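Asker: Residue-level listing of the chains:
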Amino acid sequence: MNKIISDIRETARQLLADGKVDVVIGYEKGSLPLKATPCFVHSAQEVDSLIWDETCENNLAAFVAKTPGKKAIVAKGCDSRALVVLLQENQLVRDDLYIIGVSCHGVIDQRKIGAEVGEILEASITDGKISVKGMEGDKEYLFAEVKDATCQTCRYPNPVIEDLHLGELIQVSQDVAAFADVAAMENKSESERQEYFKEQMSKCIRCYACRNACPLCYCQECFVDCNSPRWLTGGVDRAENLLFQAGRVLHLAGRCVDCGACSRACLQGVDIRALNRKMTKDVYEMYNHESGISEEGKPALNVYSANDPEEQFLVKE
Amino acid sequence: MKISKEKFGQALDALIAEYQIIAPVSDANGIAFKGVKSFSEVKQDYLNSKLPPKAFFFPQHEKLMSYKKEGKDVTVKSELKVENTVLFGIRPCDAKGMQLLDMVFKNDQYTDPYYYERREKAVIIGVACQKIAPTCFCSSFGISPAGSEGSDLFLIDLGDSYDVEVITEKGKALAARFEALSELTADEQALVEKVKRAETTSKVDVSTTTSKLDKMFNSPYWDSLQEKCIGCNVCSFSCPTCHCFDISEEVRKNEGTRVRTWDGCMAPLFTLHGSGHNPRDHKKARWRQRMMHKFNYFVHNNGSMSCVGCGRCIKSCPVNMDIRQVIDGANKAELVVE
Numbered sequence: 001m002n003k004i005i006s007d008i009r010e011t012a013r014q015l016l017a018d019g020k021v022d023v024v025i026g027y028e029k030g031s032l033p034l035k036a037t038p039c040f041v042h043s044a045q046e047v048d049s050l051i052w053d054e055t056c057e058n059n060l061a062a063f064v065a066k067t068p069g070k071k072a073i074v075a076k077g078c079d080s081r082a083l084v085v086l087l088q089e090n091q092l093v094r095d096d097l098y099i100i101g102v103s104c105h106g107v108i109d110q111r112k113i114g115a116e117v118g119e120i121l122e123a124s125i126t127d128g129k130i131s132v133k134g135m136e137g138d139k140e141y142l143f144a145e146v147k148d149a150t151c152q153t154c155r156y157p158n159p160v161i162e163d164l165h166l167g168e169l170i171q172v173s174q175d176v177a178a179f180a181d182v183a184a185m186e187n188k189s190e191s192e193r194q195e196y197f198k199e200q201m202s203k204c205i206r207c208y209a210c211r212n213a214c215p216l217c218y219c220q221e222c223f224v225d226c227n228s229p230r231w232l233t234g235g236v237d238r239a240e241n242l243l244f245q246a247g248r249v250l251h252l253a254g255r256c257v258d259c260g261a262c263s264r265a266c267l268q269g270v271d272i273r274a275l276n277r278k279m280t281k282d283v284y285e286m287y288n289h290e291s292g293i294s295e296e297g298k299p300a301l302n303v304y305s306a307n308d309p310e311e312q313f314l315v316k317e
Numbered sequence: 001m002k003i004s005k006e007k008f009g010q011a012l013d014a015l016i017a018e019y020q021i022i023a024p025v026s027d028a029n030g031i032a033f034k035g036v037k038s039f040s041e042v043k044q045d046y047l048n049s050k051l052p053p054k055a056f057f058f059p060q061h062e063k064l065m066s067y068k069k070e071g072k073d074v075t076v077k078s079e080l081k082v083e084n085t086v087l088f089g090i091r092p093c094d095a096k097g098m099q100l101l102d103m104v105f106k107n108d109q110y111t112d113p114y115y116y117e118r119r120e121k122a123v124i125i126g127v128a129c130q131k132i133a134p135t136c137f138c139s140s141f142g143i144s145p146a147g148s149e150g151s152d153l154f155l156i157d158l159g160d161s162y163d164v165e166v167i168t169e170k171g172k173a174l175a176a177r178f179e180a181l182s183e184l185t186a187d188e189q190a191l192v193e194k195v196k197r198a199e200t201t202s203k204v205d206v207s208t209t210t211s212k213l214d215k216m217f218n219s220p221y222w223d224s225l226q227e228k229c230i231g232c233n234v235c236s237f238s239c240p241t242c243h244c245f246d247i248s249e250e251v252r253k254n255e256g257t258r259v260r261t262w263d264g265c266m267a268p269l270f271t272l273h274g275s276g277h278n279p280r281d282h283k284k285a286r287w288r289q290r291m292m293h294k295f296n297y298f299v300h301n302n303g304s305m306s307c308v309g310c311g312r313c314i315k316s317c318p319v320n321m322d323i324r325q326v327i328d329g330a331n332k333a334e335l336v337v338e
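In order, the protein sequence lines correspond to chains A and B. Using the numbering used here, you'd call the opening residue of the first sequence number 1 and step up by one each time. Using the numbering used here, you'd call the opening residue of the second sequence number 1 and step up by one each time.
Chain A with its partners taken away, still in its complex shape (with noise of 0.2 Å):
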């Protein structure tokens, strides 16, 4: 067992004993193959079902508000900064919270696997490489290769609010700045972006798996579930779908911390983040602002300068 699982479970452990907490959310072996997924241990003993690895693709501060009591909570780099985002609004009381940071070095695409070798039958993760056995076939991977695309522009693998570290610190390349990803969709032409949102959009079954995954997404009444006034009909096409998909990239400007559990939990493989990533570009270059990364700091649209450079925001008396 490595060494961070067994540190992990060994936190955990006295956490829960000494009764500092009611209960640790962390991780557990999933049902499926290179699949995790969220666990609530209330109590020492059960402690050793926690793990850690490439497949803890869940954002588990989507859970830390609703669940009640003192709490402990398994956090990656992105996590940690939605529960930045999360205090700064006041939905978390810190001292109600415990946070277990774990240095991350990325999380599977299990989609991408799948689409190679079909349903997967078996898996293993082994020194950075993945075998996996599908019903297409067999394949060996690097997990580079693999690793999920939010992964593979993240600026924060280590935790920004931590109680206690455990890992190594991983050093970021300065690189993953420069919104590759998002400059290749602005120099599309207007038609090809169209054409591709159009499909993205065409995509949506509206079952609001991104919305629940998300952290941040913790309105008591969604803009979508609202029927006085009502913003959007039940219709299921791509206009409808536009509109919610735009209005929930909209509530998250300068609050979206690109975890990516969004596409992640997408069933139909909208890439709800090509969106978002926009957002996130445009709200670093007009604010120089990223969101979650100081317990200080405010959610960019939440702050009032007299000194906005942008002067007709400003009334002047």
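You may find that some hints are simply not true.
Among the chain B residues that face chain A by a calculated CB cut under 10 Å, a handful are [what the hints assert, rightly or not]:
| id | residue |
| --- | --- |
| 1 | Tyr110 |
| 2 | Pro113 |
| 3 | Ser236 |
| 4 | Pro268 |
Below 30 Å or equal to it, Euclidean Cα-Cα: the simulated BS3-like pairs (lysine-lysine) are [to be verified]:
| id | chain 1 | residue 1 | chain 2 | residue 2 |
| --- | --- | --- | --- | --- |
| 5 | B | Lys283 | A | Lys133 |
| 6 | A | Lys29 | B | Lys212 |
| 7 | B | Lys283 | A | Lys29 |
| 8 | B | Lys196 | B | Lys131 |
Have a look at the derived ranges for each label pair, beta carbon to beta carbon [what the hints assert, rightly or not]:
| id | chain 1 | residue 1 | chain 2 | residue 2 | range |
| --- | --- | --- | --- | --- | --- |
| 9 | B | His282 | A | Lys29 | 21 to 31 Å |
| 10 | A | Ala65 | B | Lys332 | 27 to 37 Å |
| 11 | A | Gln174 | B | Glu79 | 51 to 61 Å |
| 12 | A | Gly118 | B | Lys121 | 29 to 39 Å |
These aren't lab readings, by the way, just hints derived from the structure by calculation. A quick note: this is a predicted structure, and the numbers were derived from the prediction, not measured. Even glycine gets a Cβ: it sits at the ideal position worked out from N, Cα and C.
For chain A, the structure is supplied; the task is to place chain B on it using the hints.
Answerer: For chain B alone, coordinates are given in the frame of chain A:
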């Protein structure tokens, strides 16, 4: 009896003038049931579609009627559109799922004309599973990967030809359009027998689940079960038997439509009353409802479980809630004395 795939394809193509043909096709997103213009578009080697074929009878968003007010006159128009349809390539789990939906939409108390008229005008050509996925568990419910229940015509893939079995009168009428049906060879007969004996490797014991659930309404099992569920509707939308819906009015000025949209019991809004009261105000109550509906209430009302073991919800769940584990957990849960 068998028919060569070439002849079968020609026969299906010849039906296009009279029927819309729905069949599995491969797109960027996997396998989907879609309208085809020729048998050549049909994907023949496939596990199953990502989304169930129920939408052809029970669309996700459907106009029931439209209305318009002019002065004192009100005109109301039915929006029901029905076409003769052939659904080709339906897997046994989904064919069984349609039978279960039939019980909901046509029973001794009520017939839903929207569902029923489409269903009446549809012929189901089932095709036995060539491969069985690790998430397939239909054998748990007495369904076989080569089961013909729910199909009008049932095919088994023999390589260059199909073994053809007529199941219903509708299937018989369609099979009459096929030419060049011939007898199976001894080898082919042996292959058919082998395919028919196939079972899913994954199975869950449901023999005591219904009676156990009778006593589990107040079980603490539901407390732990619901923790990781994020309350989206992907399990319901990808389920071949889930059928809950919402009816709403889409009105602009003097005209509007009444629409029916899929809904799902995992979403809090599903049971939210106009008063603000929500009888299922917690995920715990919602998960209990999901399990009770499928494995208890539906059994009491219709004599069958409302799960066909297709495994779609297992594959689609963002947090890996595995219904097989949930059933197993219920089977093993300790009962509280009330």
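Asker: Does each hint hold? Answer for all of them.
Answerer: Here is what the structure says about each hint:
1. Against a cut-off of 10 Å between C-beta atoms, the interface hint on Tyr110/B is violated, since the closest Cβ of chain A lies about 22 Å away.
2. Taken as an interface hint, Pro113/B does not check out: its beta carbon lies about 20 Å from the nearest beta carbon of chain A, beyond 10 Å.
3. For the restraint placing Ser236/B at the interface with chain A, the shortest Cβ-Cβ distance is roughly 8 Å, inside the 10 Å limit, so the hint holds.
4. Of the supplied interface hints, the one on Pro268/B holds, with its beta-carbon coming within about 9 Å of a beta-carbon of chain A, less than 10 Å.
5. Distance hint between Lys283/B and Lys133/A is unfulfilled; the C-alpha atoms sit about 36 Å from each other, more than 30 Å.
6. Restraint check: the Cα-Cα separation between Lys29/A and Lys212/B comes to about 27 Å, which is no more than 30 Å; the hinted pair holds.
7. Restraint check: the Cα-Cα separation between Lys283/B and Lys29/A comes to about 23 Å, which is no more than 30 Å; the hinted pair holds.
8. Restraint check for Lys196/B and Lys131/B: satisfied, since their Cα atoms lie roughly 12 Å apart, inside the 30 Å limit.
9. Taking the beta carbon of each, His282/B and Lys29/A are about 27 Å apart, inside 21 to 31 Å as hinted.
10. Hint check: Ala65/A to Lys332/B, Cβ distance near 31 Å, so the stated range 27 to 37 Å holds.
11. Checked against the hint of 51 to 61 Å, the C-beta distance between Gln174/A and Glu79/B comes to roughly 57 Å, which is consistent with it.
12. At about 35 Å, the CB distance of Gly118/A to Lys121/B agrees with the hint of 29 to 39 Å.
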